[in-house]
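Asks: The residues making up each chain are set out below.
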Amino acid sequence: MNVETQQPKRSKEELMEKLRQPDHITGSEILLRSLLLEGVDCVFGYPGGAVLYIYDAMHGFSDFNHLLTRHEQGAIHAADGYARSTGKVGVCIATSGPGATNLVTGIATAYMDSVPLVVITGNVATNFIGTDAFQEADITGITMPITKHSYLVRDVNDLPRIIHEAFHIANSGRKGPVLIDIPKDVSAQKTIFEPVTGVSIRGYNPTVQPNKLQVDKLLKAIEEAERPVIIAGGGVVYADASEELIEFVNKTRIPITTTLLGLSGFPSAHELWLGMPGMHGTYAANTAIQNADLIISIGSRFDDRVTMRLDGFAPNVKKIAHIDVDPAEIGKNVKTDIPVVGDVKAVLEFANTKAKPAKSEAWIAQVQKNAAEFPLRYNDNNDELKPQFVIEMISETTGGEAIVTTDVGQHQMWAAQFYRFKNPRSLVTSGGLGTMGFGFPSAIGAQLGNPDKLVVSINGDGGVQMCAQELAICAINNIPVKVVIINNQVLGMVRQWQEIIYENRYSHIDLAGSPDFVKLAEAYGVKGLRATTKEEARKAWKEAMETPGPVVIDFVVPKGENVFPMVKAGDTISDMLMGDAE
Amino acid sequence: MMRHTISVLVNNQPGVLQRVSGLFGRRGYNIESITVGESEELGLSRMVIVTTGDENTLEQISKQLYKLIDVIKVVDLSANPMVARELALIKVNAEPAARPEILGIVETFRAAVVDIGPNSLIVQVVGDSDKIDAMVELLRPYGIRELSRTGATAMTRGSVR
Numbered sequence: 001m002n003v004e005t006q007q008p009k010r011s012k013e014e015l016m017e018k019l020r021q022p023d024h025i026t027g028s029e030i031l032l033r034s035l036l037l038e039g040v041d042c043v044f045g046y047p048g049g050a051v052l053y054i055y056d057a058m059h060g061f062s063d064f065n066h067l068l069t070r071h072e073q074g075a076i077h078a079a080d081g082y083a084r085s086t087g088k089v090g091v092c093i094a095t096s097g098p099g100a101t102n103l104v105t106g107i108a109t110a111y112m113d114s115v116p117l118v119v120i121t122g123n124v125a126t127n128f129i130g131t132d133a134f135q136e137a138d139i140t141g142i143t144m145p146i147t148k149h150s151y152l153v154r155d156v157n158d159l160p161r162i163i164h165e166a167f168h169i170a171n172s173g174r175k176g177p178v179l180i181d182i183p184k185d186v187s188a189q190k191t192i193f194e195p196v197t198g199v200s201i202r203g204y205n206p207t208v209q210p211n212k213l214q215v216d217k218l219l220k221a222i223e224e225a226e227r228p229v230i231i232a233g234g235g236v237v238y239a240d241a242s243e244e245l246i247e248f249v250n251k252t253r254i255p256i257t258t259t260l261l262g263l264s265g266f267p268s269a270h271e272l273w274l275g276m277p278g279m280h281g282t283y284a285a286n287t288a289i290q291n292a293d294l295i296i297s298i299g300s301r302f303d304d305r306v307t308m309r310l311d312g313f314a315p316n317v318k319k320i321a322h323i324d325v326d327p328a329e330i331g332k333n334v335k336t337d338i339p340v341v342g343d344v345k346a347v348l349e350f351a352n353t354k355a356k357p358a359k360s361e362a363w364i365a366q367v368q369k370n371a372a373e374f375p376l377r378y379n380d381n382n383d384e385l386k387p388q389f390v391i392e393m394i395s396e397t398t399g400g401e402a403i404v405t406t407d408v409g410q411h412q413m414w415a416a417q418f419y420r421f422k423n424p425r426s427l428v429t430s431g432g433l434g435t436m437g438f439g440f441p442s443a444i445g446a447q448l449g450n451p452d453k454l455v456v457s458i459n460g461d462g463g464v465q466m467c468a469q470e471l472a473i474c475a476i477n478n479i480p481v482k483v484v485i486i487n488n489q490v491l492g493m494v495r496q497w498q499e500i501i502y503e504n505r506y507s508h509i510d511l512a513g514s515p516d517f518v519k520l521a522e523a524y525g526v527k528g529l530r531a532t533t534k535e536e537a538r539k540a541w542k543e544a545m546e547t548p549g550p551v552v553i554d555f556v557v558p559k560g561e562n563v564f565p566m567v568k569a570g571d572t573i574s575d576m577l578m579g580d581a582e
Numbered sequence: 001m002m003r004h005t006i007s008v009l010v011n012n013q014p015g016v017l018q019r020v021s022g023l024f025g026r027r028g029y030n031i032e033s034i035t036v037g038e039s040e041e042l043g044l045s046r047m048v049i050v051t052t053g054d055e056n057t058l059e060q061i062s063k064q065l066y067k068l069i070d071v072i073k074v075v076d077l078s079a080n081p082m083v084a085r086e087l088a089l090i091k092v093n094a095e096p097a098a099r100p101e102i103l104g105i106v107e108t109f110r111a112a113v114v115d116i117g118p119n120s121l122i123v124q125v126v127g128d129s130d131k132i133d134a135m136v137e138l139l140r141p142y143g144i145r146e147l148s149r150t151g152a153t154a155m156t157r158g159s160v161r
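First to last, the sequence lines map onto chains A and B. Counting along the first sequence from 1, when you hit position 199 you're at 199 in my numbering, and nothing is skipped either side. Counting along the second sequence from 1, when you hit position 8 you're at 8 in my numbering, and nothing is skipped either side.
This is chain B alone, in the form it adopts within the complex:
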């Protein structure tokens, strides 16, 4: 089973996320993550969906997506060199004595501390999934109170379309 990252340009209409996610659900396609936001063009949104499946499944996903009237363009980003990023906020236990160690990890990962509480920190990390997984593993021994990840957003490198 291959992992694929698909970019879907859609009309920014109410219910469009439901149409897309519903299609995946009822046809038995997997969604590892889905992110949605505005695109470069007013009125259009871009969804980035990470899914798994063989080549036939990927082809069907693309064809079925194109059947939705609100879907304008579907691109298999992972067919070309691409940049994929996700963001995570990690609230980690941090008594004052433990903070220097944690800050050391944060600095190494080029992450950032975005909030400091009496005995906790919120760490913000941006990167590909592996980097975030690694960061989470390193912070786990200190006690992670809360973790929130966005799922990947992505685009192909350079001028490949």
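The following block holds chain A by itself, in its conformation from the complex:
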């Protein structure tokens, strides 16, 4: 009989009350208790020598929900998907050395996209640190450039404070991953545990409320503007400021474009929404930016995928305003005239109290005309199954109510272009780092954080193979993620670049030798479906939606399709290649 079922079930309040009682316990037990007290309801991890005391403490502790992934990369991307889709802190655990270094890609992914994670790693015992001991790696040193902060715990008595601080740092200000490295002996030592409440970190006081004079300057600039544009980014989503943003747009009458990470932060159906800007942005969005006299960046950092060549970015702009919780982003890439440091939600709430419309009606007519004349489109003349069609089908059948996670590449851009977003936190995608292998495991985390929602993971046939082993945990835990594979048998985005920039010199992009994805799914005990025509696609997708558990759907599409519009690296966003629309 399973030991875990022998424990009497208790209510959450009873459990919290028990956990708050001072007790003489090990560092490992302190960790588990602290995580529960922080409200963590699911941890993703992989055991190993240096974290065995921690895993021993989990044995029979049924209140602690741990999911064993098949690779540490799966664990951290799952924690990331959990965090992005719920707004809570994602937690993962790995052992020292290779376990910890396998997290590096996931930590960097979360860092680039400002995702709150608490990453727990084991380390060799303190007396072995620095001796090149078995499975030793200086993970705090390795991850210093890609964490918001990190701790190497040397004294078990510091552990409760450190864990509490880590959660506070990860999920406040500009969010980000925090690493806690716990040597094996520290996880074994006992001490009196008393939960820490309150946190005071000198030198860490993120600005939440904006300087009101600066907001007034912004509002004045809006009233004077004739061709204003908003560029909204991931900061809107992370600050849960979607409603405030909609109100701000309605009040000021400013056309809005949302970056990849900002997509779900504003409804695609809104009349003033122009689509995504930048490298694969819409004609309407890029043209609006290039002709704007006022640009307001809201929780977006002028990433190079948005601005492209900086010296040709927004040549007609008179003023740039930048709202960001991280002061270091203001003026980093683009000179800013009106800096507003603060939490996006707080800034917009304040701005909405007195926002007045811009003189933008003629401008709105113009950008809407552009949007109507140059919509996103693709050649859909015959019965061939096009990747864009698959995305549109998913978008229509889910009514935009699903949580979509994507991997990285062409399918990611098509998802960004053709899925109609409705709700905040409904897109989970690796924007900053562009991490292949992210899409599928992040969906597992998103599903665990949102058990009642439909989670669709859209992948390419390349990226899905980087973490396909996590099908096992979908199968055994019946995690009902719908894993879509846009299968064009090549590394599509690389192929596209080689075609357009490297003059058709296709080098090492052929993914021949990929598994039969239906059989791969079945090998893990997951239902697998395949479609090669539109009709098969509709049928397979319907069957997938009607299947209660996890499903893998292999949509076989032609390999020659490209993502348009496209701005080549080194060009300005005026230089859009329009593809079929040209």
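A portion of the hints provided could be inaccurate.
Claimed, not checked - Here are some of the chain B residues that sit facing chain A, going by a computed Cβ distance under 7 Å:
#: 1; residue: G22
#: 2; residue: R26
#: 3; residue: K63
#: 4; residue: Q64
#: 5; residue: K67
#: 6; residue: I69
#: 7; residue: V71
#: 8; residue: I72
Stated by the list, open to error - Rough simulated footprint, nothing fancy, chain B against chain A, three-plus residues with beta-carbon under 8 Å:
#: 9; segment: 134-147
#: 10; segment: 200-206
#: 11; segment: 318-329
Stated by the list, open to error - Listed below are the simulated DSSO-like cross-link pairs for lysine-lysine, each with C-alpha atoms no more than 27 Å apart in a straight line:
#: 12; chain 1: B; residue 1: K67; chain 2: A; residue 2: K335
#: 13; chain 1: A; residue 1: K542; chain 2: A; residue 2: K527
#: 14; chain 1: A; residue 1: K319; chain 2: B; residue 2: K63
#: 15; chain 1: B; residue 1: K63; chain 2: A; residue 2: K332
#: 16; chain 1: A; residue 1: K568; chain 2: A; residue 2: K519
None of these hints come from the bench; they were simulated from the model. In this text, all values refer to a predicted model and were calculated from it rather than measured experimentally. Idealized CB from N, CA, C, for every residue including glycine.
Starting from the structure of chain A, add chain B where the hints point.
Replies: Same frame as chain A, but now just chain B:
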């Protein structure tokens, strides 16, 4: 390119020097010198960093430093009148016949001889970078065997904060 002297007050935690110097390295900021020592407050250290760059770079350096959790205060010392000092130890060839001349230089610079060997001296000199450069140049003809400089430590004059 302007030279700037920045004072950074940090928590005295293991790895804090790595965090600060790593930030400079990976973001492509220059470090001409960096000195670290205890500050007036227990548990806090003060780093003095001499760097070069335009005003925008200096602003970014300051903002990026503030992002580090262990950084408490960043001050651009060179924005105000300041005192900057570095120390150098110079082991110079000094056969007995040459010593009076060397001692003359040492005295003029208000430096000090802190060790005497059979045919060498160690000269200790404190001052701003220019003074130390000048001292080194004057001692060079005698043959410098070893030279060790600290980099600048600095603070603003008077009550300017």
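Asks: Could you run down the list of hints and mark each one as holding or not?
Replies: For each hint, the structure was consulted:
1. Annotation: G22(B) was flagged as interfacial toward chain A, and the flag holds, the nearest CB pair being 6 Å apart, inside 7 Å.
2. Nearest Cβ of chain A to the Cβ of R26(B): about 5 Å, under the 7 Å cut. The hint holds.
3. At its closest, the beta carbon of K63(B) sits 4 Å from a beta carbon of chain A; the interface hint therefore holds under the 7 Å criterion.
4. Contact between Q64(B) and chain A, as hinted, is supported at the beta carbon level, the nearest pair being about 5 Å apart and thus within 7 Å.
5. Because the smallest distance between the Cβ of K67(B) and any Cβ of chain A comes to about 6 Å, under 7 Å, the interface hint for this residue holds.
6. Taking 7 Å as the C-beta contact cut-off toward chain A, the hint placing I69(B) at the interface holds, the least distance being around 4 Å.
7. The beta carbon of V71(B) is positioned within 7 Å of a beta carbon in chain A (closest approach about 6 Å), and the interface hint is therefore held.
8. Interface restraint check: I72(B) against chain A, minimum CB-CB distance 4 Å, threshold 7 Å, status holds.
9. With 4 residues bearing a CB less than 8 Å from a CB of chain B, the segment 134-147 of chain A meets the requirement of three and the coverage assertion stands.
10. Counting residues of the segment 200-206 of chain A whose beta carbon lies closer than 8 Å to any beta carbon of chain B gives 4, which meets the minimum of three for the stated coverage.
11. Given a C-beta distance limit of less than 8 Å, the hint that chain B covers the segment 318-329 of chain A holds, as 3 residues qualify and 3 suffice.
12. A hinted pair counts as satisfied when its Cα atoms are at most 27 Å apart, and K67(B) with K335(A) qualifies at roughly 20 Å.
13. With a C-alpha separation of about 13 Å, the suggested pair K542(A) and K527(A) falls inside the 27 Å cut-off, and the hint holds.
14. Simply put, K319(A) and K63(B) have alpha-carbon atoms about 22 Å apart, close enough for the 27 Å limit, and the pair holds.
15. With a C-alpha separation of about 10 Å, the suggested pairing of K63(B) with K332(A) holds against the 27 Å cut-off.
16. Restraint check: the Cα-Cα separation between K568(A) and K519(A) comes to about 38 Å, which exceeds 27 Å; the hinted pair is violated.
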